[in-house]
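Engineer: Residues per chain, in single letters:
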Amino acid sequence: MSTHDGIERRLGEVRLSAPSADLRARVLAAAAPLVERRLTWSDRVWFSRGWRVAAASVIVVLLALNWWPPKRATMPDAEVNDTARATIAAEAERLASELNMTLEERTLVEEELLRQFEAQRRQRLEPVVNPEGGL
Amino acid sequence: MDLTRDDRRDRDLVRRVADGDRDALGTLYDLHAERLFSHALWLGARRADAEDAVQAAFVKLAGMGADLLAIRKPRPYLHQIVRAAVIDMLRKQASRAEEPLAGAILVNGGAGPDEQLERRDLVRALGTLPVAQREAILLHLVQGITFREIGRIASVSTFTAASRYRLGLERLRRTLISRLSNSRSNLA
Numbered sequence: 001m002s003t004h005d006g007i008e009r010r011l012g013e014v015r016l017s018a019p020s021a022d023l024r025a026r027v028l029a030a031a032a033p034l035v036e037r038r039l040t041w042s043d044r045v046w047f048s049r050g051w052r053v054a055a056a057s058v059i060v061v062l063l064a065l066n067w068w069p070p071k072r073a074t075m076p077d078a079e080v081n082d083t084a085r086a087t088i089a090a091e092a093e094r095l096a097s098e099l100n101m102t103l104e105e106r107t108l109v110e111e112e113l114l115r116q117f118e119a120q121r122r123q124r125l126e127p128v129v130n131p132e133g134g135l
Numbered sequence: 136m137d138l139t140r141d142d143r144r145d146r147d148l149v150r151r152v153a154d155g156d157r158d159a160l161g162t163l164y165d166l167h168a169e170r171l172f173s174h175a176l177w178l179g180a181r182r183a184d185a186e187d188a189v190q191a192a193f194v195k196l197a198g199m200g201a202d203l204l205a206i207r208k209p210r211p212y213l214h215q216i217v218r219a220a221v222i223d224m225l226r227k228q229a230s231r232a233e234e235p236l237a238g239a240i241l242v243n244g245g246a247g248p249d250e251q252l253e254r255r256d257l258v259r260a261l262g263t264l265p266v267a268q269r270e271a272i273l274l275h276l277v278q279g280i281t282f283r284e285i286g287r288i289a290s291v292s293t294f295t296a297a298s299r300y301r302l303g304l305e306r307l308r309r310t311l312i313s314r315l316s317n318s319r320s321n322l323a
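Taken in sequence, the protein lines are chains A and B.
Our numbering puts the first residue of the first sequence at 1, with every later residue one more than the last.
Our numbering puts the first residue of the second sequence at 136, with every later residue one more than the last.
Think of the hints as simulated: they come from the structure by calculation, not from any bench.
Misleading hints may appear alongside valid ones.
Chain B regions said to be covered by chain A (calculated; three or more residues, Cβ under 8 angstroms) [what the hints assert, rightly or not]: (1) 200-206; (2) 300-308.
Label pairs and their in silico Cβ distance ranges [claimed, not checked]: (3) 41(A) - 309(B): 38 to 48 angstroms; (4) 281(B) - 50(A): 45 to 55 angstroms; (5) 38(A) - 215(B): 19 to 29 angstroms; (6) 60(A) - 281(B): 30 to 40 angstroms.
No residue lacks a Cβ here, since even glycine has one placed at the ideal position from N, Cα and C.
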């Protein structure tokens, strides 16, 4: 058994020693009381891949609206609004179905996304005020 | 990223724990406690300390709440906690188990007397290895953990974990050869 293969084979045959029989009860007595139902829907959303994809999609939409002045200039304001709102609603719907959200949770997510969109939009439309008086 | 079936099963159990399911914690214990306990022993902990380290791992897991959802691979995570707990205990005690690996490995009972002796030699030789090399060998060979996961557990690169494994095996081989030649010359 001087070869690596021989040593590996022998080691593969060894058995592990087990902890004492009462350890399970001791561990669960100490750990189980710490287990509580503390998850909120926002935890689920935050740690879900669906949420990250949805957030990325919304960011892409927002960036697109900001970065393409020709389109922005030619697209009527209401149409921009409708497009963004439709995208947000679709993402919220997809997220809600992936995470089995209730209607209320889904509405909250959509409202939050819309709030973010409106904030971005306001920021973009507000004129930059020059402290010396001009725009 | 590469999630095995066992990883997915463990992740689901951890999610259930996060959702308040205590039975899921018991299932996780049944699946991993023995391996975690062995890992602690291989690092040089005494049996009682190894059990405390296992308990510490599950207590920590149970108290994490929503943060549990961020764990993609629970098994290496549990090993990490046990490892940190054992290292901490060894530092505080400034002493290790009197004989490394005492009680950590049971020699398989099915073989003949010669093979039994050979395996006992092997276990003794394992005890002479540096802890990091012994850990890499036993986690990989006995527990079937990949080098990538061993790297994660020991906070080193995959390459370093694999190197520790290879160097450990080489050293083990040399130790066994010298033991063999010693016993032959004693017989002669």
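Engineer: Now tell me if each hint is right for this structure.
Structural biologist: Hints, one by one, checked against the model:
Only residues whose C-beta sits within less than 8 angstroms of a C-beta in chain A count toward coverage, and the stretch 200-206 of chain B has 4 of them, enough to reach three; the restraint holds. Counting residues of the stretch 300-308 of chain B whose C-beta sits closer than 8 angstroms to any C-beta of chain A gives 4, which meets the bar of three, so the coverage hint holds. Taking 38 to 48 angstroms as the suggested C-beta distance range, the pair residue 41(A) and residue 309(B) does not conform, at roughly 59 angstroms. Under the hint 45 to 55 angstroms, the C-beta atoms of residue 281(B) and residue 50(A), about 29 angstroms apart, miss the expected range.
Range check, residue 38(A) to residue 215(B): about 23 angstroms between beta-carbon atoms, so the 19 to 29 angstroms window is met. At roughly 36 angstroms, the beta-carbon separation of residue 60(A) and residue 281(B) lies within the given 30 to 40 angstroms, and the hint holds.
Of the numbered hints listed earlier, those contradicted by the structure are 3 and 4.
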